[in-house]
Amino acid sequence: MRVAVCVKQIPDPASPYDLDPDTHFVVRPTDQVLDDTDRYGVEMGLQLAEQTEGTVTLVSMGPSGNLQGIRQALAMGADKAVIIDDGTLQGSDSLATAGILAAAIQREGFDLVIAGTESTDGYAGILPQQLAEFLGVPALTFAKKVSVEGDTVRIERQTQTGYDEVEAPVPALVSVTAGVVEPRYPTFKGIMQAKSKPVETLTAGDLGVEVTTKQKIIAIRPAPERASGELIEDDGEAHLKIVALLEQAKVI
Amino acid sequence: MAKTWVFVEETEEGPATVGLELLTKARGFGGELAAVFLGNGSEENLAALGAHGASKVFHMTPSDALPTAAAAAALADLAGSHSPDLILFGLTYTGRDVAGRLSARIGKTILSNATDIAMEGGMVTVTNEILGGMTLVDAIFENDPPYLVIARPKSFPAEPSGGGAPEIETVSLPDVGHAGSAIVTASHTEHLEGPKLEDAAIVVAAGRGIGTEEGFAVIEELASKLGAATAATRAIVDAGWVAYSKQVGQTGKTVKPDVYIAAGVSGAMQHLVGMKDSKVIIAINKDEEAPIFGVSDLGVVGDLHKVLPKLIEALGNR
Ligand SMILES: Cc1cc2nc3c(=O)[nH]c(=O)nc-3n(C[C@H](O)[C@H](O)[C@H](O)COP(=O)(O)OP(=O)(O)OC[C@H]3O[C@@H](n4cnc5c(N)ncnc54)[C@H](O)[C@@H]3O)c2cc1C
Ligand SMILES: Nc1ncnc2c1ncn2[C@@H]1O[C@H](COP(=O)(O)O)[C@@H](O)[C@H]1O
Chain A
2 MRVAVCVKQI PDPASPYDLD PDTHFVVRPT DQVLDDTDRY GVEMGLQLAE
52 QTEGTVTLVS MGPSGNLQGI RQALAMGADK AVIIDDGTLQ GSDSLATAGI
102 LAAAIQREGF DLVIAGTEST DGYAGILPQQ LAEFLGVPAL TFAKKVSVEG
152 DTVRIERQTQ TGYDEVEAPV PALVSVTAGV VEPRYPTFKG IMQAKSKPVE
202 TLTAGDLGVE VTTKQKIIAI RPAPERASGE LIEDDGEAHL KIVALLEQAK
252 VI
Chain B
92 MAKTWVFVEE TEEGPATVGL ELLTKARGFG GELAAVFLGN GSEENLAALG
142 AHGASKVFHM TPSDALPTAA AAAALADLAG SHSPDLILFG LTYTGRDVAG
192 RLSARIGKTI LSNATDIAME GGMVTVTNEI LGGMTLVDAI FENDPPYLVI
242 ARPKSFPAEP SGGGAPEIET VSLPDVGHAG SAIVTASHTE HLEGPKLEDA
292 AIVVAAGRGI GTEEGFAVIE ELASKLGAAT AATRAIVDAG WVAYSKQVGQ
342 TGKTVKPDVY IAAGVSGAMQ HLVGMKDSKV IIAINKDEEA PIFGVSDLGV
392 VGDLHKVLPK LIEALGNR
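As you go down the protein sequences, you meet chains A and B in turn.
Read in our numbering, the first sequence has 70 at position 69, and its numbers run on one by one without any break.
Read in our numbering, the second sequence has 305 at position 214, and its numbers run on one by one without any break.
Quick caveat, the hints were computed from the structure, so don't treat them as lab data.
Worth double-checking, as some hints may not be accurate.
Stated by the list, open to error - Rough simulated footprint, nothing fancy, chain A against chain B, three-plus residues with beta-carbon under 8 Å:
#1 118 to 125
#2 159 to 173
#3 194 to 207
#4 220 to 226
#5 273 to 279
#6 327 to 337
#7 361 to 374
What the hints assert, rightly or not - Cross-link-like lysine to aspartate or glutamate pairs, in silico, EDC-like; alpha carbons within 20 Å at most:
#8 A/Lys215 <-> B/Asp229
#9 A/Lys251 <-> B/Asp388
#10 A/Lys215 <-> B/Asp176
#11 A/Lys215 <-> B/Asp329
#12 A/Lys217 <-> B/Asp207
#13 A/Lys242 <-> B/Asp349
#14 A/Lys146 <-> B/Asp329
#15 B/Lys94 <-> B/Glu123
#16 A/Lys217 <-> B/Asp176
#17 B/Lys316 <-> A/Glu234
#18 B/Lys401 <-> A/Glu226
#19 B/Lys347 <-> A/Glu226
#20 B/Lys377 <-> A/Asp236
#21 B/Lys377 <-> A/Glu231
#22 B/Lys377 <-> A/Glu234
#23 B/Lys397 <-> A/Glu238
#24 B/Lys377 <-> A/Glu248
Where a beta carbon is used, it is the ideal one built from N, C-alpha and C, also for glycine.
Chain A on its own, in the form it takes in the complex (with noise of 0.2 Å):
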C-alpha cells in the first residue's frame, strides 16, 4: 500500500512566535520541528505500510528551512519526502494548502492518505475534508483506530457521545486524533540513514498550480482581560474559602 503522509513543520511551539506585523503572517524560524500532532500520522503509516509492505511518502507545504522537522519524521521510517516550497505560497489558507497537496499527491500516486485532525499552529481543521475532496476520494476522519484489511479502510470515528465504525475501499484518505497510536522514537540507526532518503523540493508551477488565497487578516487585538482573583497557599483551610466561593456563586 502507498501511503502519503501530510506532515508540516512549524516553529518550536515551546518558544513564543512572532507575527509579522504588516503580513500578519507567522515568522518562521530555519528551526522548525514536525508538528507534534502528526508524529501520530506518521506513526500511523509507517504501521500500516509495514503490515502490506508498502510504502511511505511525507508530503509538506512550506518553507523547508533547514529540513529539521521532515529529517525527524524520516527518521522515524517514511521512505521519501515531497516538499513543495516556494515564496508565492506563504500564508496561505487552508484551501490553497489542499490544492497544492493534492496535486502533489496525486503526483505520486497512493492508496492511502493519512492527515492530522488539526495543526498545533493553524488548527483550522479542515485541511484533510477539502483534500478528500479535491482528491475524490472518500474521507474517514477523526480517526481514534485505524485498520487495513485487503482493499478496506476502518476506522473507529470519534462523536460526540462515543464513537463509529467506518469503512471505506481505498484510494481514502484517513484523518488521525493524538493518541491513535504511541509514535516511535527515532532510532540512531534511523537517524543515520534519514540523511541520505529522497527529499524533492517542488514548486507550486512545477504542480502546474495556481494559488490564491481568498482571506485576509485585518486586525489583531489584545482579548479584553479576564481580572484574576485571589491566589491562596493551602494551610490545610483552603477547601473552606472554596466552601465560601462556592456559596456566593449560588451554585451550592
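Given chain A, put chain B with the ligands in place with the hints provided.
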C-alpha cells in the same frame, strides 16, 4: 439583503445546539434565514429550527453512508441555485467534514474557529481567538459569496424567537460515487453518568496532577457531591484514564458553566480556550506559576489530594 444559511445536523437531543446558537446569532443579520438540516425530519426537529429563526429548512435525510460527501455535494448544488451570502457551520465533526468538502467543491475559502461574526452592509468580519484566547484575530473574505464560516460552540446563546413552522424543501443526497463510499457499520455510545458536560452548571476537571487513573475517583466523588459533570485535559484522555468525550479544550468541548473547578490542570493554551469563559474558575495546583491561575477567581496553591478530600467532607456536612 443578506441571505444566511446555517448547516445543522441532528444529534441525540435533536438539532445540534451549536446550530441553534448560530441561527440565533444570524437572526441579528436581518434578511432571509434558512437552515440546512441533516437528520430525521420529525415535526419536533423542524419546529425547533423554526423556533430559532429559520423561515425555511432544506432537509436532507442521511442513509447508512457517512453523509458528509453527499451532503456537501447537495449543498454545493443548492448554493449554486439559491446564491446564499453566508453559510455557517458549527465546529462539530460533521460540520467540519461537510464545510471542508463544500469549500473544495465550490472553491471558496473557510474561516474556521470563529468566536464572533459581524455583518455590516454585506461585509462579513470573522473573529477567532489565538494564544489561549488572549489575542483576537479579525479576518475577512476576499472571494465572492458564499462566505463559509465554522464557529465554535457556545460562542453565542441559543434563544428561540417564537418563529413559526418553517417552509420545508426536501433535498435528496446525490450519488457522489467513490468519494461517498464510506459506510457507517456500527455506532457506540459511551454511557456517562451525571449531567451532560456541555450543559452542567458546575464542572470539575482533572489534569495530569491527579497522578494516576485511580486518582480520578476523587474528582468523581466531588462531582457527585456537587451534582457536577466531570471533565479532563487532553493529557489524561491521551493516557487513556478518561473517555475522550470528557475532554475540554481546543480539540475537545467548550464549556461555560457557572463554576469550573480545575484540579491538577496546568492551564495550557489549548485547554484554556475551552473553559476560560466560565463564570467562576477555581484552580488547585501545586505550582504557583501554573498558567491556570492567570484566569482563576480563586487559586489554591496546594496538593489536590489534600484539598479535595477535605472539600468533599466539608460539603458532606452541610
Ligand atoms: C493541537 C493541540 C490540541 C490540543 N488540544 C487540547 C485540548 O483540547 N484540551 C486539553 O486539555 N489539552 C489540549 N492540548 C494539550 C495541551 O497543550 C496540554 O498538553 C494539556 O492541556 C496539559 O494537560 P494537564 O494540564 O493535565 O497536564 P500538565 O501540563 O502536565 O499539568 C499537570 C499539572 O498538575 C499539577 N500537579 C501535579 N501534581 C499535583 C497535585 N498533587 N496537586 C495539584 N496539582 C498537581 C502540576 O503542577 C501541573 O501544573 C492540545 C495540544 C495540541 C498540540
Ligand atoms: N502545510 C501543510 N503541509 C502538509 N500537511 C499539512 C499542512 N497544513 C496542514 N496539513 C495537514 O492537515 C492537518 C490539519 O491541519 P489544519 O487544517 O492546519 O488544522 C495537519 O495535521 C496536517 O496533517
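Verification of the supplied hints:
Counting residues of the region 118 to 125 of chain B whose CB lies closer than 8 Å to any CB of chain A gives 0, which falls below the minimum of 3, so the coverage claim is violated. Only residues whose beta carbon comes within less than 8 Å of a beta carbon in chain A count, and the region 159 to 173 of chain B has 3; three or more means the coverage holds. Evaluation of the coverage hint for the region 194 to 207 of chain B: fulfilled, as 10 residues show C-beta separations to chain A shorter than 8 Å, against a requirement of three. With a threshold of 8 Å between beta carbons, the proposed coverage of the region 220 to 226 of chain B by chain A holds, since 4 of its residues qualify and at least three are required.
Remark: the region 273 to 279 of chain B is confirmed as covered by chain A, as 7 of its residues place a Cβ nearer than 8 Å to a Cβ of that chain, reaching the required three. Coverage of a stretch by a chain is defined here by at least three residues with a beta carbon nearer than 8 Å to that chain's beta carbons; for the region 327 to 337 of chain B and chain A the count is 5, and the condition holds. For a cut-off of 8 Å, the count of residues in the region 361 to 374 of chain B with a CB near a CB of chain A stands at 4, and the three-residue condition holds. At roughly 14 Å between alpha-carbon atoms, A/Lys215 and B/Asp229 fall within 20 Å of each other, so this suggested pair holds.
Proximity of A/Lys251 to B/Asp388 is assessed by CA-CA distance (about 15 Å); at most 20 Å being required, the pair is judged to hold. Distance hint between A/Lys215 and B/Asp176 is fulfilled; the C-alpha atoms sit about 15 Å from each other, no more than 20 Å. The suggested pairing of A/Lys215 with B/Asp329 is violated, with an alpha-carbon distance near 36 Å, which exceeds 20 Å. Pair hint A/Lys217 plus B/Asp207 holds up; C-alpha atoms about 16 Å apart against a cutoff of 20 Å.
Straight-line distance between C-alpha atoms of A/Lys242 and B/Asp349 comes to about 17 Å, which keeps the hinted pair within the 20 Å bound. Taken as a hint, the A/Lys146 and B/Asp329 pair is honoured in the structure, with Cα atoms around 13 Å apart against an allowance of 20 Å. Taken as a hint, the B/Lys94 and B/Glu123 pair is honoured in the structure, with Cα atoms around 5 Å apart against an allowance of 20 Å. With a CA separation close to 18 Å, the supplied pair A/Lys217 and B/Asp176 stays within the 20 Å bound.
The hinted pair formed by B/Lys316 and A/Glu234 fails the criterion: a straight-line CA distance of about 24 Å is larger than 20 Å. The straight-line distance between the Cα atoms of B/Lys401 and A/Glu226 is roughly 32 Å, outside the 20 Å bound, and the hint therefore fails. Annotation: proposed proximity of B/Lys347 to A/Glu226 holds, straight-line Cα distance about 17 Å (limit 20 Å). At most 20 Å may separate the alpha-carbon atoms for a hinted pair to count; B/Lys377 and A/Asp236 meet this at roughly 13 Å.
Restraint check for B/Lys377 and A/Glu231: the C-alpha separation of about 15 Å stays at or below 20 Å, so the hint holds. A threshold of 20 Å between alpha carbons decides the hint, and for B/Lys377 with A/Glu234 the separation of about 9 Å falls inside it, so the pair holds. Simply put, B/Lys397 and A/Glu238 have alpha-carbon atoms about 10 Å apart, close enough for the 20 Å limit, and the pair holds. Under the criterion of a C-alpha separation no larger than 20 Å, the hint pairing B/Lys377 with A/Glu248 is inconsistent with the structure, at around 24 Å.
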